[in-house]
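Required output: the full structure, derived from the provided sequences and hints.
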Amino acid sequence: MSTTLTYTADEMMAVEAARRLDDGTVCFVGIGLPSLAANLARRTHAPRCVLIYESGTIGAKPTELPLSIGDGELAETADSVVPVPEMFAYWLQGGRIDVGFLGAAQIDRFGRLNSTVIGDYDHPRVRLPGGGGAPEIALGVRDVFVMLRQSPRTFVEQLDFVTSLGDRVRVVVTDLGMLEPRDGELTLTRLHPGVTVEEAQEATGWDLRVADDLGESEPPTDAELAVLRSLRTKGSS
Amino acid sequence: MPILPLSDAVSDFVRDGDTVALEGFTHLIPHAAAHDLIRQGRRELTLIRMTPDLAYDQLIGMGCARKLVFSWGGNPGVGSLHRLRDAVENGWPAPLELEEHSHAGMAAAYAAGAANLPFGVLRGYRGGDLPPHTRVATIECPFTGEKLAAVPAHRPDVGIVHAQQADRRGNVQIWGILGVQKETVLASRTSIVTVEEVVDELELVPGGIVLPSWVVDAVCLAPGGAHPSYAHGYYDRDNDFYVAWDAISRDRETFLAWMKRHVLETADVAEYRASLEEHVAA
Chain A
825 MSTTLTYTAD EMMAVEAARR LDDGTVCFVG IGLPSLAANL ARRTHAPRCV
875 LIYESGTIGA KPTELPLSIG DGELAETADS VVPVPEMFAY WLQGGRIDVG
925 FLGAAQIDRF GRLNSTVIGD YDHPRVRLPG GGGAPEIALG VRDVFVMLRQ
975 SPRTFVEQLD FVTSLGDRVR VVVTDLGMLE PRDGELTLTR LHPGVTVEEA
1025 QEATGWDLRV ADDLGESEPP TDAELAVLRS LRTKGSS
Chain B
215 MPILPLSDAV SDFVRDGDTV ALEGFTHLIP HAAAHDLIRQ GRRELTLIRM
265 TPDLAYDQLI GMGCARKLVF SWGGNPGVGS LHRLRDAVEN GWPAPLELEE
315 HSHAGMAAAY AAGAANLPFG VLRGYRGGDL PPHTRVATIE CPFTGEKLAA
365 VPAHRPDVGI VHAQQADRRG NVQIWGILGV QKETVLASRT SIVTVEEVVD
415 ELELVPGGIV LPSWVVDAVC LAPGGAHPSY AHGYYDRDND FYVAWDAISR
465 DRETFLAWMK RHVLETADVA EYRASLEEHV AA
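Just so you know, the sequences run in chain order A and B. Residues are numbered in our numbering as their position in the first sequence, beginning at 1, plus a constant of 824. Residues are numbered in our numbering as their position in the second sequence, beginning at 1, plus a constant of 214.
The set of hints was computed from the structure by calculation and includes no laboratory data. Keep in mind that a hint or two might mislead.
[What the hints assert, rightly or not] For lysine to any residue, the following SDA-like pairs were computed, each having C-alpha atoms within a straight-line distance of at most 25 Å:
#	chain 1	residue 1	chain 2	residue 2
1	A	K885	B	P345
2	B	K281	A	Y945
3	B	K361	A	K885
4	B	K474	B	I217
5	B	K281	A	V950
6	A	K885	B	D232
7	A	K885	B	H347
8	B	K281	B	P345
9	B	K281	B	H347
10	B	K361	A	D922
11	A	K885	B	P219
12	B	K281	B	R253
13	B	K281	A	D984
14	B	K281	B	D232
15	B	K281	A	I942
[What the hints assert, rightly or not] A few chain A residues that don't get close to chain B, going by computed Cβ distances all over 10 Å:
#	residue
16	A833
17	D834
18	R844
19	A870
20	D922
21	R951
22	L952
23	D967
24	V986
25	S988
26	E1004
Note that the structure is predicted; figures quoted are calculated from it, not measured. For every residue, glycine included, the Cβ atom is placed at its ideal position computed from N, Cα and C.
Structure follows, in structure tokens:
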């Protein structure tokens, strides 16, 4: 990249994801970038966006980004706090949630994710934390948004383990651009400013398809950056 | 239902080889009880927990566990659990059998246990690689023919949770993030609840739940007993400790020295907390 950026790759990712959340969207949010994106949306164009954290906090309105999905402020600001079995049974399986954010250690061209192991399951090279809520989020929400930094180690030809399916993955926002499923395969549809197609292809472990109508992301506005930076006071990423 | 010292409750109720669930979903994690299991040298435990984090990293690293039943094992917002990884990847200090589920599956298994049903049912576990490695079966809905997942109910020998308050008769109140606290107590053959405070009368808090004394086998006073997690209304999560744990736990010797100083050589939660403050002062 030759242009001098006044924002970071993480901020571009958060902005790109936030812009895709319509006002009133009910989102199942994880910690880190998804939380940043959903809170940005709620403080800009989508004030009625409903944030649900898997700890059972429905309609949380944190003033700073939580370090864990169960921080006390989420419960204090929530419209309702429900037990975890109810969260998964009534609210997720019950079909009440529009958008679910997921991340992972690996993704394939079908939007399937691995957050379980690197290597063989019984004798792993790296034991990752595991699926947590992901397997049912991937099947229980209307639209899955994936947020993941793009590299050949992460965007792989062959997953070591399938933790969750890709059927409902609608968009993958990366530090380089955006991928969307076209004819069943994740396709590069947008690049962030200053990123080339070649860079995106080099950061992908499979032969990356590029959309004919490839577009470019609008850089973050000053207003978006101001909100993002005010949210990051806790110092977590 | 007596109010017991925690060390007595652990020695009275937990046997080597038992299946034990210590729950608390980011909130009210019963660390003090985990420390007593470690001090008393419990072995061959099957440990159940949705989100094994620091307490389970300590139990596993100290050789208390034979098997782990879980759905997400990490240090939230920080990274890996190094003792869990060392046990799974290298068999240190002992091999650890895993029974892995999703959160939805674990939640359904607790709810089924509380309801005295043999299994929980959910729309889940579809298409991924986990089913051949865990205990899940496919059943057919007798009314619609839909294929659903069945997970065996959790029925721990002992369920242990932390809560904010008990009254002198042993009724327990929990508020804030409720996790699977109620399901754990009701699914378990016996249950131990550690509390921040014993009060004369419970004052009901909005969003709070009460577990009546007659479903709890022991209430133990353990103020600060959820540290480094938090107790809503009492103290905040010690985020710095979660970050610091990464370096403490990464190396076997550093971990063992830390456990000796702060857990094995302390008698209870008060001494443990005091030892951490001395550590910071030094």
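Do the hints match the structure? See the list:
1. For the hint pairing K885 of chain A with P345 of chain B, the CA-to-CA distance comes to about 36 Å; that exceeds 25 Å, so the pair is violated.
2. About 16 Å separates the Cα atoms of K281 of chain B and Y945 of chain A, which keeps this hinted pair within 25 Å; it holds.
3. A threshold of 25 Å between alpha carbons decides the hint, and for K361 of chain B with K885 of chain A the separation of about 37 Å lies outside it, so the pair is violated.
4. About 28 Å separates the Cα atoms of K474 of chain B and I217 of chain B, which puts this hinted pair outside 25 Å; it is violated.
5. Between K281 of chain B and V950 of chain A, the direct Cα distance comes to roughly 19 Å. Compliance with the 25 Å bound is thereby established for this hinted pair.
6. This hinted pair does not check out: K885 of chain A and D232 of chain B have alpha carbons roughly 41 Å apart, beyond 25 Å.
7. As the CA atoms of K885 of chain A and H347 of chain B are separated by approximately 39 Å, the hinted pair breaks the 25 Å bound.
8. Taking the CA atoms of K281 of chain B and P345 of chain B, the gap is near 18 Å; set against the 25 Å cutoff, the hint holds.
9. Simply put, K281 of chain B and H347 of chain B have alpha-carbon atoms about 14 Å apart, close enough for the 25 Å limit, and the pair holds.
10. As the CA atoms of K361 of chain B and D922 of chain A are separated by approximately 24 Å, the hinted pair is consistent with the 25 Å bound.
11. Between K885 of chain A and P219 of chain B, the direct Cα distance comes to roughly 39 Å. Violation of the 25 Å bound is thereby established for this hinted pair.
12. Pair hint K281 of chain B plus R253 of chain B holds up; C-alpha atoms about 19 Å apart against a cutoff of 25 Å.
13. Note on K281 of chain B and D984 of chain A: the hinted pairing holds, with a Cα-Cα distance of about 23 Å set against a maximum of 25 Å.
14. Distance restraint check for K281 of chain B and D232 of chain B: the Cα-Cα separation of roughly 11 Å lies within the 25 Å cut-off, and the hinted pair is therefore satisfied.
15. Of the pairs offered as hints, the one joining K281 of chain B and I942 of chain A holds, with about 21 Å between alpha carbons and a cut-off of 25 Å not exceeded.
16. Non-interface status of A833 of chain A relative to chain B is upheld: no Cβ of that chain comes within 10 Å, the nearest being about 20 Å off.
17. Against the 10 Å criterion, D834 of chain A stays outside the reach of chain B, whose nearest CB is about 15 Å from its own CB.
18. Against chain B, the non-interface label of R844 of chain A holds: every CB pair exceeds 10 Å, the least being about 24 Å.
19. Non-interface call for A870 of chain A relative to chain B: holds, since the shortest CB-CB distance, roughly 25 Å, exceeds 10 Å.
20. Listed as a non-interface residue, D922 of chain A keeps its Cβ farther than 10 Å from every Cβ of chain B; the least gap is roughly 18 Å.
21. The Cβ of R951 of chain A does not lie farther than 10 Å from every Cβ of chain B; its closest approach is about 4 Å, which violates its non-interface assignment.
22. Not every CB of chain B is more than 10 Å from the CB of L952 of chain A (nearest about 8 Å), against its label as outside the interface.
23. Under the 10 Å C-beta cut-off, the non-interface status given to D967 of chain A relative to chain B holds; the minimum distance is some 18 Å.
24. Taking the minimum C-beta to C-beta distance to chain B, about 4 Å, the non-interface status of V986 of chain A is violated against the 10 Å cut.
25. The Cβ of S988 of chain A sits about 6 Å from the closest Cβ of chain B, inside the 10 Å cut-off, so the non-interface label is violated.
26. Under the 10 Å C-beta cut-off, the non-interface status given to E1004 of chain A relative to chain B holds; the minimum distance is some 21 Å.
Hint violations for this structure: numbers 1, 3, 4, 6, 7, 11, 21, 22, 24, 25, all remaining hints satisfied.
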